[in-house]
Amino acid sequence: MKNWRDFTSPSTCLRASLGYVPAVLAIALVGYAIIAGGFFVSLTSFALIYAIFVTGLNIFMGYAGQASFGQNAFAAIGGYTSAVLTTAYNVAPVPALFIGVVAAVLCAVLVGYPTLRLKGHYLAMATLAIGLIVYEITVEWQSVTNGYMGISGIPPLGIGSFEAATDREQLILLSVLVALCMGSAWLIRQSRFGRALVALSGSEDAARALGIDVARYKLAAFIVSAVYAAVAGSLFVHIVGFVSPEVFGLNMVILGFTMLYVGGIGTITGPLVGAIVINLLPEMIRGLKEYQDLVYGAALILILIYAPGGLAALGWSKRRSTSPATTTVELRGARTQS
Amino acid sequence: MNRLRVENLTRRFDGLVAIDDVSFTVPIEGVTAVIGPNGAGKTTLFNMISGFLPPSEGRIFFEDESVTGVAPERIAGRGLVRTFQLVQLFQSLTVLENVKVGRHVCTRAGLVAALTRPTWARREENETERRARELIDFVGLSEQSDARASVLPYGQQRLLEIARALAAEPKLLLLDEPAAGLNHDETDRLSRIIRRIGEHGTTVLLIEHDMKLVMNTADRLVVLNFGRKIAEGTPDEVQTNPEVIDAYLGGVEMLHG
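So the protein sequences, as listed, match chains S and Z.
Once you know that position 123 of the first sequence is 123 in the numbering used here, the rest is easy, because the numbers rise by one and skip nothing.
Once you know that position 178 of the second sequence is 178 in the numbering used here, the rest is easy, because the numbers rise by one and skip nothing.
Source of the hints: derived by calculation from the structure; they are not laboratory data.
Just to be clear, a hint being listed does not mean it is correct.
Simulated DEER-style distance windows between Cβ atoms [said to hold, decoys possible]:
# : chain 1 : residue 1 : chain 2 : residue 2 : range
1 : Z       : Trp120    : S       : Val102    : 24 to 30 angstroms
2 : Z       : Gly110    : S       : Thr166    : 35 to 41 angstroms
3 : S       : Ala165    : Z       : Glu134    : 53 to 59 angstroms
Every residue, glycine too, gets a C-beta built ideally from N, C-alpha and C.
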């Protein structure tokens with residue numbers, strides 16, 4: 001493995017282009033789903049919503065190197081705000097989405113301010129608690145959330161008189177939104193703000209010694225990731241037309257983490273690649289029946305062994321700049337960079 | 001006016017007194033070095049000056065303003081920037097990006113500017129790039145500018161850390177054992193670089209073990225032993241000070257210098 005990576009001459013070019021293969025395939029698949037329609041569409045829609053969620057997670061975990069197990073809380077806030085406002089109060093989807101985002105930002109500030117002083121495991125535990133608390137609220141606050149029964153009849157996304165009612169329209173709309181989200185993540189990574197995040201994930205002391213207010217930047221990254229999560233949550237309830245507490249349960253966090261690591265933590269296209277692979281993989285091996293879970297698990301392990309930086313980092317070589325972060329966060333400790 | 005003034009600085013760790021009533025000043029011009037045997041309290045002193053460790057007693061003045069108990073990032077914002085004894089690079093960033101991070105206190109683009117990219121922010125980013133490349137050139141790492149910091153050999157990592165600190169345009173640069181782990185040639189090169197930094201209007205305060213580097217580079221020395229200041233002066237004065245020779249085990253280390 002090491003030797004193969006260290007080759008420089010003709011394989012360099014090949015290797016560099018290898019990095020784009022997963023991203024190009026992912027985009028091609030979305031294009032195919034738009035054209036072909038049918039069963040693929042809903043699958044791809046979910047993948048795209050998750051791509052937005054994971055893009056936010058990537059800014060907090062991949063760039064800033066912090067661990068959050070509570071991102072589902074922000075998705076729930078976005079999702080439930082949209083659901084309640086559009087069904088009970090006749091608010092249009094777009095303003096409802098914005099209100100949901102604002103609510104998630106407020107929650108992120110309230111929660112992030114005290115907890116981001118915690119490090120490593122403590123931060124992870126604190127964020128996990130937030131996810132559980134919001135889940136409990138969605139279950140118990142029955143007058144608003146309707147408890148386990150959930151809220152149905154949520155209208156599809158639309159602006160003014162235009163409504164993205166058909167599957168295909170929704171998929172196109174989602175594709176545009178994913179492109180915007182990934183584009184803004186890229187802009188962030190290239191900026192002074194993004195560099196400061198990657199810097200503090202590398203060494204908090206060095207970042208502080210260079211004048212970076214580490215606590216403030218962590219909080220900012222947490223807020224940005226909450227915005228992405230809230231947008232994803234809101235989109236989800238509009239696409240499905242229904243929301244219940246289980247939708248934003250802990251499984252959302254686990255799926256998000258899996259997508260982030262399989263796709264490539266710290267990379268730009270990783271969240272999209274990861275979201276599509278993790279959404280499609282179970283469908284592709286459905287025919288294997290009782291062996292399905294086994295093959296799914298084995299596939300994940302193989303990906304993480306042969307693409308330790310994630311699929312989007314396959315073509316990454318040591319001399320390239322948009323490489324995944326390798327330091328901090330115990331979660332990443334086990335990964336080796338050959 | 002002095003660049004830095006330390007008054008009766010004391011730091012205790014439980015029963016241990018790491019720094020004991022130390023006072024000295026660092027003038028604006030030239031290179032000042034803090035020397036002393038292992039465990040003399042040099043790094044503790046640096047950690048207090050740079051704000052990473054609050055002093056138990058005493059005060060620190062940067063350009064006649066108290067920075068005692070001020071957070072490291074604020075001290076850096078005022079123009080006092082440090083490096084670390086164990087190099088602390090941003091390993092997953094490239095050489096160029098590391099130095100760009102150093103420009104943080106001299107720039108102001110935030111999240112909104114990152115997303116909307118107004119003209120001033122693009123201009124600022126271009127300037128950041130230009131200054132970063134200049135500094136990489138200054139320390140002789142131009143060919144490595146797109147390499148990840150983690151792949152550099154140790155000596156180059158040291159130089160990169162210095163370039164990154166210089167990017168902040170510090171008035172006072174604190175170097176914590178910059179020659180540790182460097183070979184002969186690298187130390188010579190470092191010595192020249194430090195001299196040039198001092199000549200370009202940046203005050204340099206360094207901690208050093210390597211006597212050759214200190215004697216070639218520093219204009220003034222402050223000598224610590226067991227947390228106390230035992231001598232202060234030019235390299236020649238200090239070298240002949242009996243207490244200093246005694247502290248260095250009969251001057252063995254000094255003679256090697």
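Cross-check of the supplied hints:
no., hint, in the structure
1, Z:Trp120 to S:Val102: 24 to 30 angstroms, "holds, 28 angstroms"
2, Z:Gly110 to S:Thr166: 35 to 41 angstroms, "holds, 40 angstroms"
3, S:Ala165 to Z:Glu134: 53 to 59 angstroms, "holds, 57 angstroms"
This entry satisfies every hint, going by the numbered hints stated previously.
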